[in-house]
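In the order they appear, the protein sequences are chains A, B and C. Take the first sequence: its position 248, counting from 1, is numbered 248 in my numbering, and each next residue is one higher. Take the second sequence: its position 200, counting from 1, is numbered 200 in my numbering, and each next residue is one higher. Take the third sequence: its position 289, counting from 1, is numbered 289 in my numbering, and each next residue is one higher.
A few of these clues could be false.
[Claimed, not checked] Examples of chain C residues toward chain B, derived with CB under 10 angstroms:
| # | residue |
| --- | --- |
| 1 | D14 |
| 2 | A24 |
| 3 | L30 |
| 4 | G38 |
| 5 | T114 |
| 6 | M121 |
| 7 | W130 |
| 8 | Q218 |
| 9 | A243 |
| 10 | A256 |
| 11 | S257 |
| 12 | V274 |
| 13 | R278 |
| 14 | S279 |
| 15 | F281 |
[Said to hold, decoys possible] From the derived model, a few chain A residues whose C-beta atoms are all more than 12 angstroms from chain C:
| # | residue |
| --- | --- |
| 16 | R9 |
| 17 | N56 |
| 18 | W70 |
| 19 | E82 |
| 20 | K83 |
| 21 | R187 |
| 22 | E191 |
| 23 | D211 |
| 24 | E311 |
| 25 | D320 |
Simulated from the structure, these hints should not be mistaken for lab results. Note that the structure is predicted; figures quoted are calculated from it, not measured. Glycine included, every Cβ here is placed at the ideal spot set by N, Cα and C.
One letter stands for each residue in the lines below.
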Amino acid sequence: MKRDFSELRLDHVTRRFAGAGGKAFNALDELTLTVRRGEFICLLGPSGCGKSTALNCIAGLMNLSGGSIWLDDTRIDTLPPEKRGFGMVFQNYALFPHMSVARNIGFGLRMRGVGAEEAGTRIANALKLVQLTGQAHKLPGQLSGGQQQRVAIARAIVIEPPLILMDEPLSNLDAKLRIETRAEIRRIHHELDRATIYVTHDQDEALSLADRIVVMKDGVVQQIGTPQEVYAQPANLHVARFMGYRNVLTLDVTRQGGDRIEVAGEGIALTGIPKQAVAGPRAAVAIRPEEMVLGDDAGGNVIEGQVANVEYCGRDALLDVVTGGGTRLHVRGAVTIKRGDAVRVHVPAERALVYPAE
Amino acid sequence: MREWVDKVWRNLLLGLMTLFVVNILLMIASVATSSFARRWLGTWLPDGWTTNWYTAAWKEFQLFDVLWVTVEVVFAVVFLALLIGVPAAYTLARRNFAGKRALMLLFLLPLMVPPITYGIPLATVLYKAQLGGTIYGVILANLIPAAPFVILVMTPFIEQIDPNLESAARVFGATTPRMFLHVLVPLLAPGILAASLLVLVRTIALFELTFLTAGSDSQTLVVALYYAVFAAGVRAPQSVDAMAMIYMLVTLVWLLIALRFVNPTQLVSRVKEHPQHA
Amino acid sequence: MADAMTVRVRQPFDRTLLLVLPAAAFMLLLFVYPFLYGLWLSFQPKDGGALANYSHFFTTDNLWPTIWITLRLALPATLINVGLALPIAYKMRVKSRYQRWVTTILVVPITLGTVLIAEGMLLYFGPKGWLSQFLQLLHIYDGAIRLTHNYWGVLISLVISGFPFAFLLILSYITGIDPVLARAAATLGADPWEQFRHIYLPLLAPGLAMCFCLAFVQAFSVFPSAVLLGSPAGPTRVISIAAYEAAFEQYDYSLASAIAMIMGFVQLVIVAAVLMLRSAFYRGPVVGGKG
Chain A
1 MKRDFSELRL DHVTRRFAGA GGKAFNALDE LTLTVRRGEF ICLLGPSGCG KSTALNCIAG
61 LMNLSGGSIW LDDTRIDTLP PEKRGFGMVF QNYALFPHMS VARNIGFGLR MRGVGAEEAG
121 TRIANALKLV QLTGQAHKLP GQLSGGQQQR VAIARAIVIE PPLILMDEPL SNLDAKLRIE
181 TRAEIRRIHH ELDRATIYVT HDQDEALSLA DRIVVMKDGV VQQIGTPQEV YAQPANLHVA
241 RFMGYRNVLT LDVTRQGGDR IEVAGEGIAL TGIPKQAVAG PRAAVAIRPE EMVLGDDAGG
301 NVIEGQVANV EYCGRDALLD VVTGGGTRLH VRGAVTIKRG DAVRVHVPAE RALVYPAE
Chain B
1 MREWVDKVWR NLLLGLMTLF VVNILLMIAS VATSSFARRW LGTWLPDGWT TNWYTAAWKE
61 FQLFDVLWVT VEVVFAVVFL ALLIGVPAAY TLARRNFAGK RALMLLFLLP LMVPPITYGI
121 PLATVLYKAQ LGGTIYGVIL ANLIPAAPFV ILVMTPFIEQ IDPNLESAAR VFGATTPRMF
181 LHVLVPLLAP GILAASLLVL VRTIALFELT FLTAGSDSQT LVVALYYAVF AAGVRAPQSV
241 DAMAMIYMLV TLVWLLIALR FVNPTQLVSR VKEHPQHA
Chain C
1 MADAMTVRVR QPFDRTLLLV LPAAAFMLLL FVYPFLYGLW LSFQPKDGGA LANYSHFFTT
61 DNLWPTIWIT LRLALPATLI NVGLALPIAY KMRVKSRYQR WVTTILVVPI TLGTVLIAEG
121 MLLYFGPKGW LSQFLQLLHI YDGAIRLTHN YWGVLISLVI SGFPFAFLLI LSYITGIDPV
181 LARAAATLGA DPWEQFRHIY LPLLAPGLAM CFCLAFVQAF SVFPSAVLLG SPAGPTRVIS
241 IAAYEAAFEQ YDYSLASAIA MIMGFVQLVI VAAVLMLRSA FYRGPVVGGK G
């Protein structure tokens, strides 16, 4: 169990399951990823995409069907979980109900034979880090959800692991608590600077926490990039949809050339940037609601329509704009717009991302 | 090294289990073989086969009457246990009231205290009330462990039904009896079926209570079998074995039916099976 | 989340409570009353003072040793049953078709009941039975084996009928413990033995104690096996035989009640001892496995 490492390498990691009807399917398909020391990686995707499977494989709770996992020069996928030395925070916290907070946190230290005095100091420090000093003698059943979550985090970090694994730790908390605990996790990561692999289906969490995001679907990696890259330049339509590109228009390709592509249909004509090679006659244009701006623009890409629905959001409003051809667009606009207003919206060509039609 | 220990341990446990199961199967097989044997004295297999023992046993032990009594007792017990048990389970599942814990303890006791301990005072009381030795006494006696068992099996079933369903029925105009009939009973049907089958199987096998309260014409099959084995020195052992086989057949048939609907664990405990986590 | 039970409003009498009345009345009439009547009756002996039955029991040579004889059978049987059931149930905690088959097969001896087991054992374990012939064949033991009509016969039958019960009960407790707890312990460095020792065992302690008590109480009340498979006149003259004889052969209901009371009392003492032992060793919440 190394204290520090320079990289964790997943090399074509594959995990097969027998599905319904006896057909095998790949929950994880040739996942290849390198995690560097101190990096915060998010595995992001809908349920069933393989992110939890990946985490369980890294932790040793599941065997690989193919590929290997390396910690620097040591191969670790053949080791049982108790020999890998990673800290893990489970989705339902998995706190030992018969042990106090202090004993829960100290469990990993006990397994490593750390003496009582040193353990006591380290437990106290961990409690201070997660701001739970004073709760040491309570039982998990006496704590709130948020407090239990912090105990689970303390338990994982007190053993000073080279890598921390987190499996959707915030999904059982209510909205307000989720935002607060998210900030806590970010703060703790800055203080400890340990490599962390964090699994979630929430793109806001991924964007705010990660150094790099791994977007997954059906066991296959869709894109690996920084939050900025994944947010602004999604590699394919699935990532675009997942990251909030709510407007996806499938239109006919009219012209391709250089770094631009033109599409038209349903009474709309747009110029956009192809993110992938478009071969067929149809293409899908993905546009973020925030990047559809009300008003005219000399650069083109203007769409006319009528406001069909207004959702007041305080600072602005989410508008449903229906074009003459019946296409429904989602636009963020000023709060003064009313239902039935005729509007014109435009989007800059660089922000109209075009992908092959599905 | 640890893997080796683990393997040895696992094989040891497997070996013990197999030994256990195999011996039980062989035990049953010996009874079966003996019941069909013409004569069997200390050899591997008998020196002749016959089904005469079954007809002999049937006549000798008046098995028709005994079976009939068993049927009467068992079905009466199931019916009555459901009748008083299900409403009680409903109240315990849905309401909190003073003395609820004491009441639950009262219902739990007959299942924890072995039948012989309370059977003797019970038999004394029944004989004093002129019910001892009659089939009514036997039914009442067997009802004592049966009703609490129904309550214990049904309570988690009822707790599981969303109370909002009852509220919804009321909001849409159902009176209490209609709510019971149209909403609760259909939802409880699997639980009631499970409870009935469990009580049935347990009552067939329950020896001590019937033994202490039955008269010569109100014995259930298991008690009649006991007397047959007890007097085995006088009668031919093979006819006793034939009777034992009949008893076993009756029990197994109902057990297999029961197992279609319930988990084996529920036969012994009230702990409901927990959903498995991924 | 509807929680109708905590509404604290002065309500008219809840008629639903009446539903529990028939069952409660039945229990009181046919369980509590006979017990109290029996207790009272035990202090009304045929001749002598109030405690005459009890002193008679403890001074008669074929009566008071029955306590020790029964304990000599019940305690080892229970220890064997629970002691074997725990590791086997632990190995089978993962739900699989294997588990389902095994639990189904094990239910069979329970349902068959003690009388059939006794008859089966007389044949199979008897001096001319298949087991004896098998052992002779393998030259492990020549001559007739003596496993029936003695202490061993009764002990074996207690194990045959008691082990499945203990196994199924412990299995249901074990499967109620969330397996994610063991996985969490593994990521913290606990090997499988440590996972059992630190996670499963403490969480099982209350269930194990319960199982021991129930199994013991069942074994202590042994009756038909002791008569059919043992030698009821001497080495396996258990306390239930003494009670039965007093009631139905001597027609001394008072003495029979006294013996039944003594029987219940001994069971109570052992159960209380086990529960106290458990509290002494294990201090913690009696909760399920959910974190």
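Hints versus structure:
no. : hint : in the structure
1   : D14  : holds (7 angstroms)
2   : A24  : holds (6 angstroms)
3   : L30  : holds (6 angstroms)
4   : G38  : holds (3 angstroms)
5   : T114 : holds (6 angstroms)
6   : M121 : holds (6 angstroms)
7   : W130 : holds (6 angstroms)
8   : Q218 : holds (6 angstroms)
9   : A243 : holds (5 angstroms)
10  : A256 : holds (5 angstroms)
11  : S257 : holds (6 angstroms)
12  : V274 : violated (13 angstroms)
13  : R278 : violated (16 angstroms)
14  : S279 : violated (19 angstroms)
15  : F281 : violated (22 angstroms)
16  : R9   : holds (20 angstroms)
17  : N56  : violated (9 angstroms)
18  : W70  : holds (19 angstroms)
19  : E82  : violated (5 angstroms)
20  : K83  : violated (8 angstroms)
21  : R187 : holds (23 angstroms)
22  : E191 : holds (21 angstroms)
23  : D211 : holds (23 angstroms)
24  : E311 : holds (28 angstroms)
25  : D320 : holds (34 angstroms)
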